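Protein chains in written order, with the UniProt record's numbering: chain A, 1 to 547; chain B, 1 to 547.
Errors might be hidden in some of the hints.
[Stated by the list, open to error] Mimicking DSS-like on lysine-lysine, the simulated pairs with C-alpha atoms at most 30 Å apart in a straight line are:
#: 1; chain 1: A; residue 1: Lys423; chain 2: B; residue 2: Lys46
#: 2; chain 1: A; residue 1: Lys387; chain 2: A; residue 2: Lys400
#: 3; chain 1: B; residue 1: Lys189; chain 2: A; residue 2: Lys233
#: 4; chain 1: A; residue 1: Lys25; chain 2: B; residue 2: Lys189
#: 5; chain 1: B; residue 1: Lys25; chain 2: A; residue 2: Lys232
#: 6; chain 1: B; residue 1: Lys232; chain 2: B; residue 2: Lys256
#: 7; chain 1: B; residue 1: Lys16; chain 2: A; residue 2: Lys189
#: 8; chain 1: B; residue 1: Lys505; chain 2: A; residue 2: Lys46
#: 9; chain 1: A; residue 1: Lys199; chain 2: B; residue 2: Lys39
[Stated by the list, open to error] One side only, chain B facing chain A, incomplete, derived with CB under 7 Å:
#: 10; residue: Gln47
#: 11; residue: Phe64
#: 12; residue: Lys67
#: 13; residue: Val69
#: 14; residue: Pro479
#: 15; residue: Gly546
Please keep in mind that the hints were generated in silico from the structure rather than gathered at the bench. Everything numeric in this text was worked out from a predicted model, so none of it was measured. Note that CB positions come from ideal geometry on N, CA and C, so glycine has one too.
There are 2 protein chains.
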Amino acid sequence: MTTDKDLNTTSYDKFKANFESALSKLDCNRVTDPFYIIKGLPEDLKQSSSPVYLAGGMPHESMFPFKHVSVKYRDAPGSLGNLESSTIKEGESYNSYDIPLYSEGSVKNQQSDIARAFQYSENVGLESLREFTRQIIKKVNTPIYDNWDVLITSGSSDSLSKVCDLFVDEDTTVLCEEFTFVNICSHVKYAQGSCVPVKLEVSDDPKSQGIDTTYLSDLLENWSSYYPDKKKKLVLYTIATGQNPTGVTQSLEKRKEIYDICCKHNVIILEDDPYGYLQLPKYNAKDPLKNPYQDNTITLDVFCSKLLKPSYMTIDTEGRVLRLETFSKVGSPGLRLGFIAANTYLIERLSNISFMTSRNASGISQSITNNLLFELGTRYQKEVDSKASMIDGWFNWCMKIAGEYTHRRNVLFKAIHETEAFKKNYFQLLEPSCGMFATIVVNMKPEWISSDDKTKRKDQIKRAMDYLLCCLLETGCLPILGYKMTICRDFSMDRANFLRITFAKAESAEIFEQGAKNMSAAFERLNEEYMTDKELWDLPATGLVGM
Amino acid sequence: MTTDKDLNTTSYDKFKANFESALSKLDCNRVTDPFYIIKGLPEDLKQSSSPVYLAGGMPHESMFPFKHVSVKYRDAPGSLGNLESSTIKEGESYNSYDIPLYSEGSVKNQQSDIARAFQYSENVGLESLREFTRQIIKKVNTPIYDNWDVLITSGSSDSLSKVCDLFVDEDTTVLCEEFTFVNICSHVKYAQGSCVPVKLEVSDDPKSQGIDTTYLSDLLENWSSYYPDKKKKLVLYTIATGQNPTGVTQSLEKRKEIYDICCKHNVIILEDDPYGYLQLPKYNAKDPLKNPYQDNTITLDVFCSKLLKPSYMTIDTEGRVLRLETFSKVGSPGLRLGFIAANTYLIERLSNISFMTSRNASGISQSITNNLLFELGTRYQKEVDSKASMIDGWFNWCMKIAGEYTHRRNVLFKAIHETEAFKKNYFQLLEPSCGMFATIVVNMKPEWISSDDKTKRKDQIKRAMDYLLCCLLETGCLPILGYKMTICRDFSMDRANFLRITFAKAESAEIFEQGAKNMSAAFERLNEEYMTDKELWDLPATGLVGM
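Kindly generate the complete structure, drawing on both the sequences and the hints.
See the structure below:
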């Protein structure tokens, strides 16, 4: 049992004692002993207080070609079908902020400047940006324990790569939602570990959505019968909020249950949360374009305290959770900027990996982001609430982005609901609670999946999905096949009769409408042609080769 | 023998056949099979020419907060002691360039824009920046063979990390100059390989400078007697131009000799060249501030064709050279931006590593650099030479940076020449041909290094150097100790009686003058106190503990 007192005294040393054995065997090989560090000086040495620095090969900032950066930014994301003009017109005014050569005066600690950010800098990230990200964590996901920190990374792919480097070796198994962002497997496989699937409940019911806890518990209680050849050195990789590809979100109750199971079996939890800020209010088929964000019925306070889902960090009594966030979805993917929050021992180990690989995330990316957060915070305080926290401006922007995704979701859903194929019940449209993806579950005719043999049934599902894909490509709609996002196809093929579609990228409502129509046409063809004499193409019994 | 005809037909397949066995055993574990790739489609499928894209989770660019970036840049680096004011004054005009939301018209392929660069993008880097870096390679280091390419990385540390990931496993040994940028060892050790030192000739003679080829040849001919336990799977890591820390540069003749040795023994060559553009004309003690760059006696053509030293790529008939460049020294370190040039097979393997780690270098860093190169190129064509190549503007900037480093070198050297300790011959100042570092060789009194025992002599050298370090810290001067930059201290301690100093970072000439004085004071103390009854501090016989 962890008591409150334990929590307050949870220290670096305790984290080290508890989690050192969870690290990859190779991690201790990452010995960094920078040549410029001076050690062992005599105690009575009287060091000069201002020595002339002739050591490191750092160019003076006057040698940088860059003198000043100015950024024009949006007050709100462009609205679908009503996008802003592509260029800044002479005389048009936009709000802007700067990255000066030197920050001065009272803003020095919050506003990043060229002299610092464009120089060699800290492996853990620029201190001002770290402080902003700490505030992001604190505002909506305050950890229970004190001794946590953040590390700025070069985006979530970099975070995943570093975290896998830290934990995974040939003894490690990473438990994954059976459908997931499968790139995780490449990282794990390269580190010589393996991934195993955990059953996922994909439904419209908020309580049951997400990892099947009965399955998880049984799996861990009976690990050696499930996987007799695998050691029980485990990491759970979970996208708990707005799961990719299914869009489901774990309830807080479910998170607590999963957390307890992980504690019992000493499982490290990697909580990847790229989509969490894109909260989507319930779709209303009777008033399809209704958007509570635009009606102003969702205030910033409601957004932060009611809509955003609490991270595993808020229930983490032991420091076994690593939370991965990214600026790709609410900022820009090209920033290649994200962060990891975790206990200080793990952050230190991750920082050591940074030192040996990318050193630090781009200083330009860090400063352009840092100063945006600073600008938005300052402006929010000035224009909306003088007592607001500096980070509120950023959450206000995140809320606007969520509002625009809600609008995009509405437009696409409305278009899909109006299609013939939807009306004919050729598929179900599952509503995501969050994120940028929705799930189209293909209703299979019984005669398509008729075999009594399990393996053959799976082939039949795959072949039908592949036939649908071919139709989609001809009618003009490009989704992702659910079965391409399985950790173990054999384990999940029974449930892989779905498509992932996104409402992220289109420029106009017309495109979504066209996409829905083209999708509908493909479903009509599937239902008319498949397994009849109208069937086109000579698809093998197992569907497309190589897929 | 490779004939001209072979060179012209050197293909990806041939590179693969020749170099696949040089890769790390783990590289083939890096299997990436993105879930969005569609394979095996029937030949008679009639794909829609404009399908609606509902696949990837890419935010539309109108969701990015950034609308327009404008950068004020310098025409020339700030001059030591005459730095520009720290802030842009109202009304002051600077040249500037933009990163627009959308590039349009004729500049579309050369000017990077927010819509592309701030989005998810190519693992190999933005095509426009890749093309600029290809031009950088072609202009001064045209490879002999055709089938080479470039990969944009997140800076040289990232390049080193990726290249070590690619080649090094427990069977690999990386041959290094005995004094070098020792961070390479961390990468190699982590990949479970080892580093061994190669003797370096550090002298003022341009012909003999650099790797001792007699030693190298003997080492490789008699590998199994030198290192009976190590397989002969070898990589050479060399900083051929303006070596770190010694500042020496290999002559072209020496490079050819080394290249032939590497071919004979199937050694991969990693040519790291962070300092190559910082060419320093000969220092003239009689006219110490003479700077041929400022006299305009060095034209761009002279700079490019005479001063810049030819890369190993220019003599690489087999495709075994990987050239590492960085934008840190002539751009800004905080860009975290560099590139690797190599044969197309190796570039493809490196790109695969990118996909699995950082994905791509920051799009903001890439676009701010790309558009600077575009701006400088366009302006150079307009103002100087309408027939110039687009990349000449960048080389012109590099030349100005080299000019400023020459000035900084002059100021520091003048100051050092004027010190008492220099006049008393307490040390020698070795002149670098290139880069930002100089070498101070400590003249040791015979009585300091008096032991007949080899090991004890090495301890005596270390102790004297540590005593000097203590004096330096008290008098106020912070250099790097040569022995901290050894691959194998035991191998090199005899030759490690030197300091590395830099003329990169100071703000003013006064600081260099103060640094020289403080250094001189430390040398005076060393010579007065060391091994006399005036000796301070109770240094152990092996010098500072832990150093």
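Hint by hint, here is what the structure shows:
no., hint, verdict
1, Lys423/A - Lys46/B, "27 Å, holds"
2, Lys387/A - Lys400/A, "21 Å, holds"
3, Lys189/B - Lys233/A, "25 Å, holds"
4, Lys25/A - Lys189/B, "14 Å, holds"
5, Lys25/B - Lys232/A, "26 Å, holds"
6, Lys232/B - Lys256/B, "21 Å, holds"
7, Lys16/B - Lys189/A, "23 Å, holds"
8, Lys505/B - Lys46/A, "24 Å, holds"
9, Lys199/A - Lys39/B, "27 Å, holds"
10, Gln47, "5 Å, holds"
11, Phe64, "4 Å, holds"
12, Lys67, "5 Å, holds"
13, Val69, "5 Å, holds"
14, Pro479, "5 Å, holds"
15, Gly546, "4 Å, holds"
Violated hints: none; the structure is consistent with every hint.
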